[in-house]
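*Asks:* Chain by chain, the residues run as shown.
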Amino acid sequence: MKKKVILAFTFVAVLGLVAMPLFGGGRREARPQVTVFWALYDGLTEDYRRELESAFMAAHPDIDLDIVAIPWDNMYDQILTSVAAGDPPDVSVIGTRWLLELKEMGAVLPVEDYVSQALLDNIAEGTKEAELEGVLWGLPVAAGARLMAINKDLTDVVPTTMEELRDAARDAADRTGAYGLILPGQKHTELTDFVYYFYAAGGEFFEVQADGSLGRSTVNSEAGVKALQFMLDLAEEPGLVPDGYLSQTRMDAHPVFYAGNAAYVMIGAWAESSLADAGATFEVEYAQIPGFAGHPSQPLVVTDSLVMFDGAGNPEAAAKFIEFFYQDEWKARFDELIGFPPVTLSAAALPQFDTPLYEALGEAAINAKAWPLMEGWAEYDDRIWDAVSEAFLGRKTPQQALDDAAAAIDRARGF
Amino acid sequence: MSFKQRLLHPEARLAYLMMLPASLFILLFMFYPVLHVVMMSIHDTTRLGHLRDFAGLRYYNETFSDPVFWRTIGRTVVWTVVAVLVKTIVGMIIALLLNQPYRGRRFSRMLFIIPWASSVPISAIIWRWVLNHEFGLMNHTLKSLGIWARPPVWLGEPLPAFISNLWVDTWIGIPFMALVFLAGMQGISADLYESAEIDGAGALTKFSRITLPGIRHIIIIATLLSALWTFNDFNVVWIMTKGGPAGLTDILITALYKSAFEWLRFSRAAVLAVVTFVVLMALALSYARLYFKGEND
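Listed in order, the protein sequences are those of chains A and B. So in my numbering, spot 63 of the first sequence is number 63, and the numbers just go up one at a time. So in my numbering, spot 134 of the second sequence is number 134, and the numbers just go up one at a time.
Same shape as in the complex, but just chain A (with noise of 0.2 Å):
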């Protein structure tokens, strides 16, 4: 009798355990909770991550909102892995060059068909690089090119050519004694680094077919050889660049024109608020990153977006917190907060983005290029980098490097 009251426990509870998932044991989900993954930029703060948080729950107390707080580096890893885990947040931040990896794996949803047409009406036209084959799939969060921030304690001279700045960043070297330019040699995120210099040639990283399509890889054209090549001779000019580059991300390497020793660097919108961060006392000058001579200037723009999720399971609860987060409150204080121009038409018209900075974004914007949007550019980032790392270190001369990444990439696309 015993022994057949402990087989009939037994069964009940491994007949328990194996339904349990089933039944959605043991979730007690009374309202729907909105997942946000965050990104965080420089300059942005937890304060502001969660007083949004709480604001947005007092407006909508029947939705519980959690803003997971990811560092930009492992954003991408992050966002992914939910995604193939079948858990994917209802609301992220993304890179918009991530955007067609992530439609093609049918993960996303378009934004368009959650907020309403004000909130739409009121997002500057150029910033919707998420608009893919008509249909707005992100809003931009933060879009912004890049420039060029000038200690105005160690130079005076605003370069109009990438010759003219190796030459203003060696004699503010040799004058001062502090690094001229600030060159990382190691990637954050993207190859960023390497592209200001390879844009500034004129540089594509893909042939454009008769059909529109990208072709192979032109990464070691003359452009992007005569970038690499640039890149290197800056680097191996004694006391040019910090020392240590090799082993810097942006993230190591920025803090030394912080701490105002070196005279340029080449930067995003959040150098005010990372330059007031660091109690920067120095005067500093915004400047557009130059072309190389006889080539226009030609920055990088970086956009982000913010996407709702396929399969999260609450799209309207997240619309909720788009149309929150858009308000001027809460997103002209995030745009502050982290450098970027506003993107919205309301925010624009504030006076708190009427200042030397956003001038020169502003103007910055003009010819400034975006990142190419494919599938599978993670890796082809890579081996890119991988490339100006290997002429770094002298293992091959830059149209080595730069050959043997071309084919790797034509390769990985079947060319």
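Hints were generated in silico from the structure; no laboratory data involved. A couple of the hints might just be wrong.
Below, simulated SDA-like cross-link-like pairs (lysine to any residue); rule was C-alpha separation at most 25 Å, straight line [what the hints assert, rightly or not]:
1) LYS331/A / GLU112/A
2) LYS103/A / THR46/B
3) LYS143/B / GLY239/A
Okay, the calculated beta carbon distance ranges per label pair [claimed, not checked]:
4) ALA284/B / LEU214/A: 42 to 48 Å
5) GLY376/A / PHE29/B: 30 to 36 Å
6) VAL38/B / TYR114/A: 38 to 44 Å
7) ALA407/A / LEU51/B: 27 to 33 Å
8) LEU51/B / GLN400/A: 34 to 40 Å
9) ALA284/B / ALA370/A: 46 to 52 Å
10) GLU207/A / GLY74/B: 35 to 41 Å
11) PRO10/B / PRO61/A: 54 to 60 Å
12) GLY126/A / ALA284/B: 54 to 60 Å
13) ILE122/B / ARG333/A: 31 to 37 Å
Just so you know, even glycine gets a beta-carbon here, dropped at the ideal spot from N, CA and C.
For chain A, the structure is supplied; the task is to place chain B on it using the hints.
*Replies:* Okay, now just chain B, sitting in the frame of chain A:
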């Protein structure tokens, strides 16, 4: 009692039933993932890792004909062998020291456990700061004491970066080895050492004839565990260098991660996972054989 009778005995049936949940759990969470990874390695996969067309051994051929793969394998072997050797030798020396009677021995033992008790990611992040070329404590100390006027860029050049990763991995792993060896040494009867001393045995003889044989099983288990952990030590390499510069500090596990979760090439990543599984399985089996052979002897 025949085999069938034993199998159907009520007590045996109860035992099987009791084992059922654990068996189901193991099947579901251990064997199924392994099987699925093998399937991924012989199929094309979507960028989310879902199986598509059968690809046979294509991804194995591609991987095995890639020189980067063989360089990564070679580096992983060097990484594992050097790290385990250093951890074993240094761990043994520390265990011998901590086993000597002296004042403050308990305090020393507590100090030695700190690296092991700390979170690996936090330790790695702190070492990253220490080794920072511009602001790091290491280069500042080397330069200001006049030891090395132009120290290397620890995390930016291939060999120094590899050595830095090795250093952090061993720094974290040595206390574990030391404590395990120490626990083994404390199980050896003091009478044996006293007898050996009466017979005129020196320190080296006592170590080689009493201590080493006395903790032989512990050494086998500890080095096996250390080899498995070191081979798969993703945290240290990823946090310190991300396998860079130019993939020159990648070990198999970081290369696998890049393939799967950065480049979304799940089939190739699955091949690397299968290779990792086979290597570690072979290692574990040969160790088990050695261990049980010793036990039978």
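*Asks:* Each of the hints needs a verdict: does it hold here or not?
*Replies:* Structure-based check of each hint:
1. LYS331/A / GLU112/A: holds, 18 Å
2. LYS103/A / THR46/B: Holds: LYS103/A and THR46/B sit about 13 Å apart, inside 25 Å.
3. LYS143/B / GLY239/A: holds, 17 Å
4. ALA284/B / LEU214/A: 42 to 48 Å: Taking Cβ atoms as reference, ALA284/B and LEU214/A lie about 47 Å apart, which means the hint holds.
5. GLY376/A / PHE29/B: 30 to 36 Å: Holds: the Cβ-Cβ distance is about 32 Å, inside 30 to 36 Å.
6. VAL38/B / TYR114/A: 38 to 44 Å: Check passed, 41 Å falls within 38 to 44 Å.
7. ALA407/A / LEU51/B: 27 to 33 Å: holds, 29 Å
8. LEU51/B / GLN400/A: 34 to 40 Å: Holds: the Cβ-Cβ distance is about 38 Å, inside 34 to 40 Å.
9. ALA284/B / ALA370/A: 46 to 52 Å: Roughly 50 Å apart at Cβ, these two residues keep to the hinted range, so it holds.
10. GLU207/A / GLY74/B: 35 to 41 Å: Because 37 Å falls inside the window, the suggested range holds.
11. PRO10/B / PRO61/A: 54 to 60 Å: For PRO61/A against PRO10/B, whose Cβ atoms are near 58 Å apart, the range 54 to 60 Å holds.
12. GLY126/A / ALA284/B: 54 to 60 Å: Holds - the Cβ-Cβ distance for GLY126/A and ALA284/B, about 59 Å, lies within 54 to 60 Å.
13. ILE122/B / ARG333/A: 31 to 37 Å: holds, 32 Å
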